[in-house]
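Novice: Read off the chains here:
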Amino acid sequence: MIPQAFDYYAPTSVTDALRLLRQHGDDAKLLAGGHSLLPIMKLRLSTPQCLIDLGRISDLRFISESDDGSLAIGAMSTYHDIKNSALVQARVPALAEAAGEVGDVQVQNKGTIGGSLAHADPAGDFPALALALNFELVTATTRSGRTIAIDRFFRDLLTTALRPNEILTEVHIPALPAGTGVSYQKLPNKASHYAVVGVAAAITVGDDGVCTEARIGVTGAGPTAVRARNTERILKGKHVDAAVIRRAAKRAGANVEDLNDDLHASAEYREHLTTVFAARAIEEALSRAG
Amino acid sequence: MPNEISVTVNGTRHTSSVEPRTLLVHYLRDELGLTGTHVGCDTSQCGACTVVVDGSAVKSCTVLAVQADGSEVTTIEGLAQDGELHPVQEGFWEEHGLQCGFCTPGIIMTLHQVLDEQPDPSEEEIRHSLAGNICRCTGYQNIVKAAQFAAQRMQE
Ligand SMILES: Cc1cc2nc3c(=O)[nH]c(=O)nc-3n(C[C@H](O)[C@H](O)[C@H](O)COP(=O)(O)OP(=O)(O)OC[C@H]3O[C@@H](n4cnc5c(N)ncnc54)[C@H](O)[C@@H]3O)c2cc1C
Ligand code: FES
Ligand code: FES
Numbered sequence: 005m006i007p008q009a010f011d012y013y014a015p016t017s018v019t020d021a022l023r024l025l026r027q028h029g030d031d032a033k034l035l036a037g038g039h040s041l042l043p044i045m046k047l048r049l050s051t052p053q054c055l056i057d058l059g060r061i062s063d064l065r066f067i068s069e070s071d072d073g074s075l076a077i078g079a080m081s082t083y084h085d086i087k088n089s090a091l092v093q094a095r096v097p098a099l100a101e102a103a104g105e106v107g108d109v110q111v112q113n114k115g116t117i118g119g120s121l122a123h124a125d126p127a128g129d130f131p132a133l134a135l136a137l138n139f140e141l142v143t144a145t146t147r148s149g150r151t152i153a154i155d156r157f158f159r160d161l162l163t164t165a166l167r168p169n170e171i172l173t174e175v176h177i178p179a180l181p182a183g184t185g186v187s188y189q190k191l192p193n194k195a196s197h198y199a200v201v202g203v204a205a206a207i208t209v210g211d212d213g214v215c216t217e218a219r220i221g222v223t224g225a226g227p228t229a230v231r232a233r234n235t236e237r238i239l240k241g242k243h244v245d246a247a248v249i250r251r252a253a254k255r256a257g258a259n260v261e262d263l264n265d266d267l268h269a270s271a272e273y274r275e276h277l278t279t280v281f282a283a284r285a286i287e288e289a290l291s292r293a294g
Numbered sequence: 137m138p139n140e141i142s143v144t145v146n147g148t149r150h151t152s153s154v155e156p157r158t159l160l161v162h163y164l165r166d167e168l169g170l171t172g173t174h175v176g177c178d179t180s181q182c183g184a185c186t187v188v189v190d191g192s193a194v195k196s197c198t199v200l201a202v203q204a205d206g207s208e209v210t211t212i213e214g215l216a217q218d219g220e221l222h223p224v225q226e227g228f229w230e231e232h233g234l235q236c237g238f239c240t241p242g243i244i245m246t247l248h249q250v251l252d253e254q255p256d257p258s259e260e261e262i263r264h265s266l267a268g269n270i271c272r273c274t275g276y277q278n279i280v281k282a283a284q285f286a287a288q289r290m291q292e
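For the protein sequence lines, the chains are E and S, in the order given.
Be aware that the first sequence starts at 5, since it is given in the working numbering, and climbs by one per residue.
Be aware that the second sequence starts at 137, since it is given in the working numbering, and climbs by one per residue.
Keep in mind the hints are simulated off the structure, nothing from the lab.
Every value quoted in this text rests on a predicted model; they were computed, and no experiment measured them.
Don't take each hint at face value.
[Stated by the list, open to error] Chain E regions said to be covered by chain S (calculated; three or more residues, Cβ under 8 Å):
#, stretch
1, 54 to 60
2, 107 to 118
[Unchecked claim] Distance ranges between label pairs, derived from CB positions:
#, chain 1, residue 1, chain 2, residue 2, range
3, S, Glu213, E, Lys240, 44 to 52 Å
4, E, Asp262, S, Thr274, 24 to 32 Å
5, S, Met137, E, Gly294, 43 to 51 Å
6, E, Val280, S, His232, 39 to 47 Å
Even glycine gets a Cβ: it sits at the ideal position worked out from N, Cα and C.
Start from the sequences and build out the full structure, keeping to the hints where you can.
Specialist: In structure tokens, the structure reads:
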């Protein structure tokens, strides 16, 4: 399988990439790791006239920490970079662990955090973590840039708030408040390791043992990753014991508008999985919150 | 519009004019005649096409040749030195790690990176690291033994 012919550009700066993007408009597609885009181009489900490869823009590949303890990760950082980053391992171990469970070694070498969020695959892992960890997405256009809150980013199946002339340049992960634990749990598809259902939980517990903040992201269940707001509401303000976890996890599928129903899992089974994996993620997040 | 690329493959530099849509695996097999890299699924799943680009194992059916411009590529043909098998190849020989051998070059190239980063992996780590390589003959037990043999040999 060979993609339809296209022109290829490999700019070395974001400015040049933006200029090319404006020049070629709708005919162009950005290429990051290519592990979502190239397979669909080989199937000719996507037939761009022109590819703008972000792979040679070294400014887009970094992981750093700010004074306020937040992390910044360049859009072209690969899963391999994130899994092996001492900074990510120290600040948000659950993200490093999740990167090591994406696809396989080869996919982790190519796939990028920017590509995974921009593509917004309904079975992608990072969308759920991005919601739980409250990512802020920094973008650039030829005129200016903006910061998009993750809660406003995923719109629909494979659809995000990014505009065609916009490049996602980096993500910011706010510092986690003291007493926060994070966990991501998924049922991996046996062949690809995409999430049949995956749940990310970030839970903050006060000195008195009461849950003060909870953010739960669910992926794989519906057309886009969503926050399980009903589950979050049940957890907040409570001493989270086994009974509370059970009650909260039961509601993890409630915010999914249209449950996926395909050869990997029926809608009914997926709903069941949201409960199982929400409970596991909440339990582990709590055990790490102390 | 063809693009000019320059790629160092197994230590030899090649300058070629390729269509941007040329996949790296086709460049290696059809342009350079290096047919040790196989195409199994052609859908990014099986890992038979795995080669090492700048130290990273990648599925060359899912990489464009133009993306490898300026890179160092190692394929299965580049591992043996002066007729001496690479320790990973030796492991497959000694532990009967292949049956039909179709998946073998890809698995060896993945293990090349894995053992580079983790010289003393546990059995569990070896199995996890080979998630992207499928053996249709299902000879996984001996593939794991071959990896363990190689890890040991490389530490000697
Ligand atoms: C065999 C296999 C197994 C996989 N398993 C998993 C898995 O278990 N879990 C998982 O989450 N994913 C999995 N993936 C998908 C993988 O994570 C993809 O690499 C990822 O979803 C997309 O990242 P990319 O860098 O490859 O993006 P690309 O494929 O290059 O791009 C994807 C889309 O995003 C756009 N884009 C990319 N970067 C930017 C940017 N900076 N700004 C604006 N737009 C941009 C592109 O134009 C394109 O439309 C798997 C893929 C394969 C092939
Ligand atoms: S041929 Fe490339 S992964 Fe199967
Ligand atoms: S040895 Fe035959 S496919 Fe692996």
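Novice: For every hint, state whether the structure bears it out.
Specialist: Each hint, compared with the structure:
no.: 1; hint: 54 to 60; result: holds (count 3)
no.: 2; hint: 107 to 118; result: holds (count 7)
no.: 3; hint: S:Glu213 - E:Lys240: 44 to 52 Å; result: 60 Å, violated
no.: 4; hint: E:Asp262 - S:Thr274: 24 to 32 Å; result: 38 Å, violated
no.: 5; hint: S:Met137 - E:Gly294: 43 to 51 Å; result: 59 Å, violated
no.: 6; hint: E:Val280 - S:His232: 39 to 47 Å; result: 40 Å, holds
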